[in-house]
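Participant: Next come the chains, spelled out residue by residue.
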Amino acid sequence: MSRPLVEVSSISRSYSMRSGMFGRSAAIHAVHGVSLTIPRGETLGLVGESGSGKSTTGRIVLGLEPPDHGEVRFDDKPMATPGTTAWRAQRAHMQMIFQDPLGALDRRLPVAAQIREPLDIHGLGTPLEREERVRELLRAVELTPAHGARYPGALSGGQRQRIVLARALATKPDFLVCDEPVSALDVSIQAQVVNLLADLQAQLALTLLFISHDLRVVRQISNVVAVMYLGRIVEIGCADDLFARPEHPYTQALVSASPAPGRRSAGRIVLAGDPPNPAARPQGCAFHPRCPRTITRCASEVPALSNVGGNRQVACHLVTGPQVETRDAA
Amino acid sequence: MAPLISIKDLSVAFHGVPVLRGVDLALHKGEALGLVGESGSGKSVTWLAALGLLPRNARVSGSVRLDSREILGAPAAELDRIRGGRVAMIFQDPASALNPVLTIRKQLCESLALHRDISGGAVKAEARRLLDLVGIPDATRRLEAYPHEFSGGQVQRIMIAMALAGNPDLLIADEPTTALDATIQAQILELLSTIRREMGMAMVLISHDLGVVAENCDRVAVMYAGRIVEEAPANQLFADPVHPYAQGLIGALPPLDGPRRRLTAIPGTVPDPASMPDGCAFAPRCALAEAPCGIVAPSLAPIAEDRAVACIRAEASRRALLGIAAE
Numbered sequence: 023m024s025r026p027l028v029e030v031s032s033i034s035r036s037y038s039m040r041s042g043m044f045g046r047s048a049a050i051h052a053v054h055g056v057s058l059t060i061p062r063g064e065t066l067g068l069v070g071e072s073g074s075g076k077s078t079t080g081r082i083v084l085g086l087e088p089p090d091h092g093e094v095r096f097d098d099k100p101m102a103t104p105g106t107t108a109w110r111a112q113r114a115h116m117q118m119i120f121q122d123p124l125g126a127l128d129r130r131l132p133v134a135a136q137i138r139e140p141l142d143i144h145g146l147g148t149p150l151e152r153e154e155r156v157r158e159l160l161r162a163v164e165l166t167p168a169h170g171a172r173y174p175g176a177l178s179g180g181q182r183q184r185i186v187l188a189r190a191l192a193t194k195p196d197f198l199v200c201d202e203p204v205s206a207l208d209v210s211i212q213a214q215v216v217n218l219l220a221d222l223q224a225q226l227a228l229t230l231l232f233i234s235h236d237l238r239v240v241r242q243i244s245n246v247v248a249v250m251y252l253g254r255i256v257e258i259g260c261a262d263d264l265f266a267r268p269e270h271p272y273t274q275a276l277v278s279a280s281p282a283p284g285r286r287s288a289g290r291i292v293l294a295g296d297p298p299n300p301a302a303r304p305q306g307c308a309f310h311p312r313c314p315r316t317i318t319r320c321a322s323e324v325p326a327l328s329n330v331g332g333n334r335q336v337a338c339h340l341v342t343g344p345q346v347e348t349r350d351a352a
Numbered sequence: 153m154a155p156l157i158s159i160k161d162l163s164v165a166f167h168g169v170p171v172l173r174g175v176d177l178a179l180h181k182g183e184a185l186g187l188v189g190e191s192g193s194g195k196s197v198t199w200l201a202a203l204g205l206l207p208r209n210a211r212v213s214g215s216v217r218l219d220s221r222e223i224l225g226a227p228a229a230e231l232d233r234i235r236g237g238r239v240a241m242i243f244q245d246p247a248s249a250l251n252p253v254l255t256i257r258k259q260l261c262e263s264l265a266l267h268r269d270i271s272g273g274a275v276k277a278e279a280r281r282l283l284d285l286v287g288i289p290d291a292t293r294r295l296e297a298y299p300h301e302f303s304g305g306q307v308q309r310i311m312i313a314m315a316l317a318g319n320p321d322l323l324i325a326d327e328p329t330t331a332l333d334a335t336i337q338a339q340i341l342e343l344l345s346t347i348r349r350e351m352g353m354a355m356v357l358i359s360h361d362l363g364v365v366a367e368n369c370d371r372v373a374v375m376y377a378g379r380i381v382e383e384a385p386a387n388q389l390f391a392d393p394v395h396p397y398a399q400g401l402i403g404a405l406p407p408l409d410g411p412r413r414r415l416t417a418i419p420g421t422v423p424d425p426a427s428m429p430d431g432c433a434f435a436p437r438c439a440l441a442e443a444p445c446g447i448v449a450p451s452l453a454p455i456a457e458d459r460a461v462a463c464i465r466a467e468a469s470r471r472a473l474l475g476i477a478a479e
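Chains as they are written, first to last, in the numbering used here: chain A, 23 to 352; chain B, 153 to 479.
No lab work stands behind these hints: they were computed from the structure.
Note that CB positions come from ideal geometry on N, CA and C, so glycine has one too.
Possibly wrong hints are sitting among the right ones.
To be verified - A short list of chain A residues far from chain B (calculated; beta carbon distances all over 12 Å):
id, residue
1, SER36
2, GLY63
3, THR107
4, PRO132
5, GLU139
6, ARG267
7, SER280
8, GLU323
What the hints assert, rightly or not - Here chain B is said to cover these stretches of chain A; the calculated rule only asks that three of the stretch's residues, wherever they fall, bring their Cβ under 8 Å from a Cβ of chain B:
id, stretch
9, 211-220
10, 232-238
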């Protein structure tokens, strides 16, 4: 098998934050020892609540921010230093899409001009070829040239997100980081964009890092899903399998918290406590203060992400490999 | 039994553009009604209009009866007693609903003083009881805190406490958990259902999230372009949706288990309120639409004892669904 397109090895990133004007500055470990690999043409889903470090991971993977430790390799080459020519060349192969398409577009420019901009910046093709490419991209996202002449304000939310997608695809990237791309859209429009993204991925052999808090959407589009909690990956596995049989107590709570039509809330795992504050990371397993199954060891020792069989890795003292039978029936 | 609140033919127009086009709803004591629909479908406007909370430029017509008493266009003093008293509302963004420069105690006591006949120490004791009730630990000390000292989930709990200050018979919860993380959403929804059970309070849960509504409501009304298109008991609506739009909404929701299938997206977008199509507003996006759909807008008609649908192709739509299921 060929090498994966994106290889992230134990990246960490911390910020220092001051509490109040004269307060002591504290280090916030936004991302801690995260390793991921994304094979060509596949999608890795990253889920977690706010503050889990999923967006920071996405920014580091794209080279928008350097990691404090660890390394990101893209197409078997280390990420170039931001701002250099080599970095620009590399960046043309990777693009990103955010949650708020209106914020990502310039309201005073017709959208076709904005789709064209990356082609101008990276100097791709003659002006005529660029015009043709813009039309081709609009067709690819199921819009017409008439839409291209409009301003962002004259388009619906779903149409704007299509424009952002067309612009991201302009440089023919191999890799796309999507950070909550459909979270702001209505359900029926969300389905349109998710289907479109899946179609484009198949046509263009795109590799995706798909970041979202929505388990349903992530499962729909991903091959592999990683669950993050307070800067670390707590569980990673195949998309179908992971949500059907979550092993980590946090993943179990997340799956259980996802409301489903046709199910009453009976038997739901409702976690006590608030979402964690990255500035006050609990000792040991960061999840232990909210965990319904916590044991003494959890408060002192950070569980390592380890293989539990069946392509699943879990970071929990209570979940061990298939050969050791310590898992309780609950 | 007379309904607690009954809305008849409620219509709202902004600058001559109709956004709510004849809504009928009734809610009984202690009942939980879900309102789903996409942005702009009129789910929030229905209740803002019913409680007289819309700006002056809105033209509102129809009838809203609370315990058989007309409240639409009622004098301001009467509405002030109703809002926060018999009918309370909580919104999506709790942080902006609280005053950042006042302590929680000041704000809670204010609504208690307005809607209850208590004073002095009793007010403070009641404020403490309410914070306890909504699960804020260490209530005595936390009463002296400011809104920014609480997390998003806790602020929503405080909003619920303030809503409960007037002992409401009806709570309108407008996207109460949309801004919250999944595990916190589960906490807040559980809190709402516990309180509702204990106080025998009726609730309207407005949400774009079908799952949230399905799990927490007895009855669900689906809105599209300013009208109710289907109304049914929650379990029936999700097992057997009849209106093509309701079917589309449910089909567009990615499953969390079972085999992955391509999502059945509803083509097109919601029509612009300023240029509504003739006839059924959903017809341009509907796979089952026929010529008559473009002539007259269908009215909400009963199809079973407690179900109603506004679609002239309802039978065909139901057959299509059964056909798919039989495959």
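Participant: If a hint holds in the structure, say so; if it doesn't, say that too.
Facilitator: Evaluated hints:
Distance check on SER36 (chain A): its Cβ is at least 22 Å (rounded) from any Cβ of chain B, clearing the 12 Å threshold; non-interface status holds. Taking the minimum C-beta to C-beta distance to chain B, about 17 Å, the non-interface status of GLY63 (chain A) holds against the 12 Å cut. No Cβ of chain B approaches the Cβ of THR107 (chain A) within 12 Å, the least distance being about 41 Å, so the stated non-interface status holds. With a cut of 12 Å on Cβ distances, PRO132 (chain A) stays outside the contact zone with chain B, its closest approach being about 20 Å.
For GLU139 (chain A), the requirement that its beta carbon stay farther than 12 Å from each beta carbon of chain B is met, with the minimum near 26 Å. A Cβ of chain B approaches the Cβ of ARG267 (chain A) within 12 Å, the least distance being about 10 Å, so the stated non-interface status is violated. Against chain B, the non-interface label of SER280 (chain A) is violated: not every CB pair exceeds 12 Å, the least being about 6 Å. For GLU323 (chain A), the non-interface assignment is confirmed: its Cβ lies about 24 Å from the closest Cβ of chain B, beyond the 12 Å cut-off.
Here the stretch 211-220 of chain A counts 7 residues with a CB under 8 Å from a CB of chain B, which clears the bar of 3, and the coverage holds. With 3 residues bearing a CB less than 8 Å from a CB of chain B, the stretch 232-238 of chain A meets the requirement of three and the coverage assertion stands.
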